[in-house]
Amino acid sequence: MSVPVAAPYRFPWSKTDNPGAWVEVTDECDLDCPGCYRHRLEGHRPLDELKRDILALRKALNCERIAIAGGEPLLYPQLVEVVDFIARQGMKPMILTNGERLTPDLLSELKKAGLKLFYFHVDSGQQRPGWEGKTEAEMNGLRQKFADLLWEAGGLQCGYNITVSPSTLSSIPDILSWARANIHKVQHVSLISFRSILLQDGWTYEVNGCPIDTTRFHCATANPDDLDVSVEKMAEVVGEAFPDIRPCAFLNGTTSPGTYKFLIYLVLGTKKKIYGCLGPKTVELVQVFYHFAKGHYLSFQDKATPGKKVFLLGLVDREARKSWSRFRRSLFREPRGTFEKIYVQCINLQQPNETLNGKTNLCDGCLNMMFYHGQLIHSCQLDEYRLFGGPIQPGRPNKKDESGPQEGL
Amino acid sequence: MNLDRRSLYRFPWSQTDNPGSWVEVTDDCDLTCEGCYRHRLQGHRPMEAVKDDIIANHRLTRCDSMAIAGGEPLIYPQIIEVVDFIAKRGIKPVILTNGEKLTPELAAALKKAGLAKFHFHVDSGQERPAWKGANEKDINRLRQHFADLIWELGGVQCGFNVTVYRRTLQYLPVIVEWCRANIHKVHHISLIAFRLIPFEAGTEYWVNGRKLDISSYQTRRPDPGEINITTEEMFGLIQTHFPDFRACAYLSGTSAPQTYKYLITAHVGSRRKIYGVLGAKTMEAVQVFYHLAKKRYCAFLKNPVAGKKLFVLSVLDREVRRAFGTFVRSSVKNPARLLDRIYVQSIHLQQPNEILDGRVNLCDGCANMMHYQGRMIHSCQLDEYRMFGGEIVPARHGGEA
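Going down the list, the protein sequences come from chains A and B.
Numbered according to our numbering, the first sequence spans residues 1 to 409.
Numbered according to our numbering, the second sequence spans residues 410 to 810.
There's no promise every hint is true.
Residues from chain A that face chain B, not an exhaustive set, calculated with beta carbons under 10 Å [stated by the list, open to error]:
(1) LYS15
(2) ASN208
(3) PRO335
(4) GLY337
(5) PHE339
(6) THR355
(7) LYS359
(8) GLN393
(9) PRO394
In silico EDC-like pairs for lysine to aspartate or glutamate, Cα to Cα no more than 16 Å straight-line [unchecked claim]:
(10) A:LYS59 with B:ASP439
(11) B:LYS510 with B:ASP437
(12) A:LYS359 with B:GLU800
(13) B:LYS521 with B:ASP493
(14) A:LYS51 with A:ASP30
(15) B:LYS510 with B:ASP439
A few chain B residues that face chain A, going by a derived Cβ cut-off under 8 Å, partial list only [claimed, not checked]:
(16) ARG419
(17) PRO421
(18) ASP426
(19) HIS467
(20) LEU469
(21) ASN617
(22) SER661
(23) PRO666
(24) SER679
(25) VAL697
(26) TYR699
(27) ASP773
(28) GLY774
(29) ASN777
(30) ALA804
If you're looking for bench data, these hints aren't it; they were derived computationally from the structure.
Virtual Cβ for every residue (Gly too), placed ideally from N, Cα, C.
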């Protein structure tokens with residue numbers, strides 16, 4: 001019998017009340033990932049400017065988490081100071097890195113400065129020296145290395161960014177199986193579909209009403225198949241491989257509200273066994289009570305070990321109830337499971353900045369807004385502002401107007 | 410001016426989880442208002458198309474209420490059927506009308522069909538035949554007429570829309586004062602700043618990548634000073650006259666998030682006295698618990714009679730505590746007030762669809778989205794889609810490339 005599935009919860013986040021924000025310390029990097037959307041234009045940014053941005057972000061967004069990104073932040077000489085500054089404002093600093101420069105010493109310094117979370121970008125498309133031609137399953141070896149490094153140090157959360165292309169879509173189960181086996185070490189996995197502007201005959205792009213030279217935008221692609229992976233397609237792969245988990249919350253697109261731009265699963269388990277997931281009601285309760293108590297929304301919990309009391313959520317949340325019954329049943333077979341710690345792991349599916357139905361479709365309620373010259377922008381559009389002075393819009397000057405239904409809802 | 414964003418609640422509404430929605434039944438109207446942004450192109454819409462839109466809209470927004478708008482909905486022959494159709498789906502129907510065609514009989518029939526609220530558009534810029542030359546103060550008498558009619562009817566809420574022009578801005582305190590005195594009859598008023606597309610040298614307008622002759626959409630060339638009233642300006646003016654006028658919640662702009670596109674103050678009082686306002690925490694509690702219980706956000710509560718139990722919220726809301734203090738002090742002086750009914754009345758300040766800093770700045774989390782040919786659009790942009798197939802966007806001539 002098919003059971004009605006509760007619709008995922010739309011996060012209550014907006015442009016002015018949002019748990020997340022973004023700051024870039026440098027646009028330099030020690031890798032050359034093919035899918036990268038950042039151009040090397042400025043190098044390291046002055047620390048004063050960064051501090052001003054951080055304060056402005058907090059005021060404008062009411063945020064509690066700041067992603068330190070780039071470029072490769074570990075190349076930035078005053079990185080420890082940036083982390084310290086964010087932590088002193090009572091916010092949670094998080095670093096997005098490729099991990100190449102991470103040493104145990106640097107790690108302990110950053111931890112001491114107040115860092116909460118490392119997000120490692122690791123995927124087979126990066127063509128890292130020493131990892132050329134490897135599959136996603138083989139890249140789990142490098143992921144394991146970083147996870148172990150953080151686990152040894154303790155007190156820091158560990159996440160991964162993985163760009164998903166049509167050729168690696170089918171490897172998602174390999175990645176998530178590895179993550180599930182490491183639920184005690186890995187708290188976040190973001191699977192991000194590759195997106196860029198599409199160069200095709202008859203298509204032009206413009207900024208502020210003027211056509212632009214798209215060859216200056218180096219991640220543009222001429223192959224529509226490159227842009228074929230969507231959140232829905234990833235969710236289908238996840239659902240087939242792991243029928244025990246369901247998405248609990250989402251953000252939609254700005255111009256195509258029928259699209260999922262950000263869809264999350266909260267996996268529940270011990271290092272021995274996955275019991276299931278948390279559902280929409282849990283996310284809603286956590287977001288609203290956190291906001292009620294603290295005056296801002298939650299980006300991620302300080303601790304990823306909620307303990308067995310998490311099963312109390314079964315009272316209001318169907319998915320938590322299902323996990324609870326799986327947990328109880330498994331205790332009959334394996335009573336020692338009673339003493340295992342319960343962990344929560346967050347799987348994010350993301351479909352970034354894209355042109356859809358002739359419009360730029362961004363994440364509505366984006367967690368990664370940043371300041372650029374005094375203006376709040378989506379961080380995925382930074383280089384559109386840096387290179388062309390504004391967001392790139394699709395323009396079709398020689399085509400007939402295509403009014404009417406365009407969006408599959 | 411007391412507008413600290415951190416003391417205000419940003420409604421948790423989005424395009425996909427929103428208490429409000431909008432459907433238009435006709436673009437015909439029996440008045441020709443100065444501020445009107447609707448063009449007469451199609452006349453009455455077929456009932457089936459209206460029903461399809463209602464269903465699609467409900468599915469896409471999870472709405473709690475739906476505005477039936479136009480044009481003038483009361484001249485739509487099947488208006489009762491539309492109200493009934495919406496109410497039967499568990500959505501609160503609201504009619505936006507100029508009230509000219511409203512008779513006690515029609516009002517009663519609409520009530521029977523399940524109408525939750527009338528929203529009367531009444532202001533001095535409407536050129537109503539019987540009110541030529543009337544100012545906003547005079548026209549409070551027409552507002553009173555409608556408020557009394559709905560009060561007699563009972564069981565249906567009463568709200569007003571007022572377009573605010575530069576020349577009528579000075580009357581805001583008079584309008585708000587009238588509302589306060591009628592808190593038992595008037596549950597809602599929207600004060601909406603007048604907006605038009607500016608005609609500035611060097612700015613061109615485009616739709617779907619094609620240049621648009623903007624005079625084919627709007628013939629009037631507005632003076633910049635008449636289309637720049639902001640919610641903050643309206644708020645400041647009202648607050649100078651009523652120091653207890655403090656806002657609790659807002660929506661920001663899409664392209665200019667620092668702007669307040671929608672700013673709400675909720676009066677608490679009886680018909681004899683306004684005791685104070687609700688604060689951000691109460692608005693948050695209402696939205697959040699309503700959503701937890703009903704899986705949708707709250708557009709407005711069915712019963713505007715909040716009762717004295719409202720003051721229990723004092724434990725978490727400073728504003729309610731202050732209102733409670735005022736209530737207690739005034740009841741000590743005059744114990745008869747203990748028997749008065751306590752009402753809540755919301756005052757909305759709105760700054761609609763505008764071109765700001767070279768961009769289209771809409772309400773982020775707009776409560777008036779509508780279904781149009783397979784997609785959800787901001788209802789204020791409907792005619793841009795109907796006439797040109799897309800949203801009108803400004804382009805700076807000779808911008809950087």
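Do the hints match the structure? See the list:
no.	hint	verdict
1	LYS15	4 Å, holds
2	ASN208	3 Å, holds
3	PRO335	36 Å, violated
4	GLY337	32 Å, violated
5	PHE339	34 Å, violated
6	THR355	12 Å, violated
7	LYS359	9 Å, holds
8	GLN393	8 Å, holds
9	PRO394	7 Å, holds
10	A:LYS59 with B:ASP439	47 Å, violated
11	B:LYS510 with B:ASP437	13 Å, holds
12	A:LYS359 with B:GLU800	11 Å, holds
13	B:LYS521 with B:ASP493	9 Å, holds
14	A:LYS51 with A:ASP30	24 Å, violated
15	B:LYS510 with B:ASP439	9 Å, holds
16	ARG419	4 Å, holds
17	PRO421	3 Å, holds
18	ASP426	4 Å, holds
19	HIS467	13 Å, violated
20	LEU469	7 Å, holds
21	ASN617	5 Å, holds
22	SER661	5 Å, holds
23	PRO666	4 Å, holds
24	SER679	29 Å, violated
25	VAL697	4 Å, holds
26	TYR699	11 Å, violated
27	ASP773	6 Å, holds
28	GLY774	6 Å, holds
29	ASN777	15 Å, violated
30	ALA804	2 Å, holds
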